[in-house]
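I would like the entire structure built from these sequences, with the hints used as guidance.
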Amino acid sequence: GQSLEQPSEVTAVEGAIVQINCTYQTSGFYGLSWYQQHDGGAPTFLSYNALDGLEETGRFSSFLSRSDSYGYLLLQELQMKDSASYFCAVWGSQGNLIFGKGTKLSVKP
Amino acid sequence: KAGVTQTPRYLIKTRGQQVTLSCSPISGHRSVSWYQQTPGQGLQFLFEYFSETQRNKGNFPGRFSGRQFSNSRSEMNVSTLELGDSALYLCASSFPDRGVSGANVLTFGAGSRLTVL
Numbered sequence: 001g002q003s004l005e006q007p008s009e010v011t012a013v014e015g016a017i018v019q020i021n022c023t024y025q026t027s028g029f030y031g032l033s034w035y036q037q038h039d040g041g042a043p044t045f046l047s048y049n050a051l052d053g054l055e056e057t058g059r060f061s062s063f064l065s066r067s068d069s070y071g072y073l074l075l076q077e078l079q080m081k082d083s084a085s086y087f088c089a090v091w092g093s094q095g096n097l098i099f100g101k102g103t104k105l106s107v108k109p
Numbered sequence: 001k002a003g004v005t006q007t008p009r010y011l012i013k014t015r016g017q018q019v020t021l022s023c024s025p026i027s028g029h030r031s032v033s034w035y036q037q038t039p040g041q042g043l044q045f046l047f048e049y050f051s052e053t054q055r056n057k058g059n060f061p062g063r064f065s066g067r068q069f070s071n072s073r074s075e076m077n078v079s080t081l082e083l084g085d086s087a088l089y090l091c092a093s094s095f096p097d098r099g100v101s102g103a104n105v106l107t108f109g110a111g112s113r114l115t116v117l
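Protein chains in written order, with our numbering: chain E, 1 to 109; chain S, 1 to 117.
Everything labelled a hint here was simulated from the structure, so no lab data went into it.
Everything numeric in this text was worked out from a predicted model, so none of it was measured.
The beta-carbon is built from N, C-alpha and C at its ideal position, and this holds for glycine as well.
Careful, some of the hints might be misleading.
No farther apart than 30 Å at their CA atoms in a straight line, the calculated lysine-lysine pairs in the DSS-like style are these [as the list claims (entries may be wrong)]:
(1) Lys81/E <-> Lys108/E
(2) Lys81/E <-> Lys13/S
(3) Lys104/E <-> Lys81/E
(4) Lys57/S <-> Lys104/E
(5) Lys57/S <-> Lys101/E
(6) Lys13/S <-> Lys57/S
(7) Lys81/E <-> Lys101/E
Incomplete in silico selection of chain S near chain E, CB under 8 Å [as the list claims (entries may be wrong)]:
(8) Ser33
(9) Gly42
(10) Glu48
(11) Leu106
(12) Ala110
See the structure below:
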C-alpha cells in the first residue's frame, strides 16, 4: 500500500526558514506534491516534484530524493500568513492522490 | 474563471438521516474527486468520477455513494448517517485527466462541513 509520514506540528518565528519533511512508501511513483491549507480553507496546490532535486517557487522550495523516498518543503522568510497546514501527497496505484496527515505550521511574531 | 463550488457549506443532520452534497467543478474539468477530512484521519479519498463514470473508489462503506452528470457536476450521498461521518467533505476537480506524468493538479472547493448529531 501507500503511506506518507510527516511531522504533525512545526513552530517557527517570522523571518526564519522552516523545513517540513515527508517520507513515503508507494508502489509505483509518479511524483511528490505539496498542498497548503489554511484553517477553514481549501487545500491549494504548492508544488510538484517528479525528478530528484530542488524546485523553487518564490519563497517556497520543494526537494525530492527518489532513492530515499523522501522529500521536503522549505519555506523561507516566513510570514504570519504562512501559518497553515501543509500536506505532502503521492499518486496511488488506483490513480487517486494520497495525502499525508499534514503538518501544522505556526509562525510566531 | 470560477473555482470549484460546493454546496451547502454547512449542514447539521441527525443519525440515521441521509445527506446529499453537490460539487460544480471548474469549467472544462472532467475529473471530480471527493475526500473526507477529519482531524484524526486527515484527507481520505472517497471516489473519483470522470465522464460520468466512477473511476476509482476508496475504502469507505457502501453508505457513501456518488454520481457525476453530463455537465461534470457531481453529487455525493451518505445514507444512514453515523456520528463518525461528521467531517469536512472536499471536492476537487482537475484538468487534464491525470496524465502519465502524474503532474495533475487538484483544485479543491471550500468544502461542505457536515455535523451529525
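Here is what the structure says about each hint:
Straight-line distance between C-alpha atoms of Lys81/E and Lys108/E comes to about 10 Å, which keeps the hinted pair within the 30 Å bound. With a C-alpha separation of about 34 Å, the suggested pair Lys81/E and Lys13/S falls outside the 30 Å cut-off, and the hint is violated. Between the alpha carbons of Lys104/E and Lys81/E the distance comes to roughly 13 Å, so the proposed pair stays at or under 30 Å and holds. Restraint check for Lys57/S and Lys104/E: the C-alpha separation of about 28 Å stays at or below 30 Å, so the hint holds.
A threshold of 30 Å between alpha carbons decides the hint, and for Lys57/S with Lys101/E the separation of about 19 Å falls inside it, so the pair holds. Distance hint between Lys13/S and Lys57/S is fulfilled; the C-alpha atoms sit about 25 Å from each other, no more than 30 Å. Of the supplied pair hints, the one linking Lys81/E and Lys101/E holds, its CA atoms being roughly 21 Å apart against a limit of 30 Å. The criterion of a C-beta within 8 Å of any C-beta in chain E is met by Ser33/S, whose closest approach is roughly 7 Å, and the hint holds.
Because the smallest distance between the Cβ of Gly42/S and any Cβ of chain E comes to about 4 Å, under 8 Å, the interface hint for this residue holds. Because the smallest distance between the Cβ of Glu48/S and any Cβ of chain E comes to about 6 Å, under 8 Å, the interface hint for this residue holds. At a threshold of 8 Å, the smallest CB-CB gap from Leu106/S to chain E is about 6 Å, leaving the interface hint in force. Checking Ala110/S against chain E: minimum C-beta separation of about 5 Å stays under 8 Å; hint holds.
This entry does not satisfy hint 2, going by the numbered hints stated previously; all others are met.
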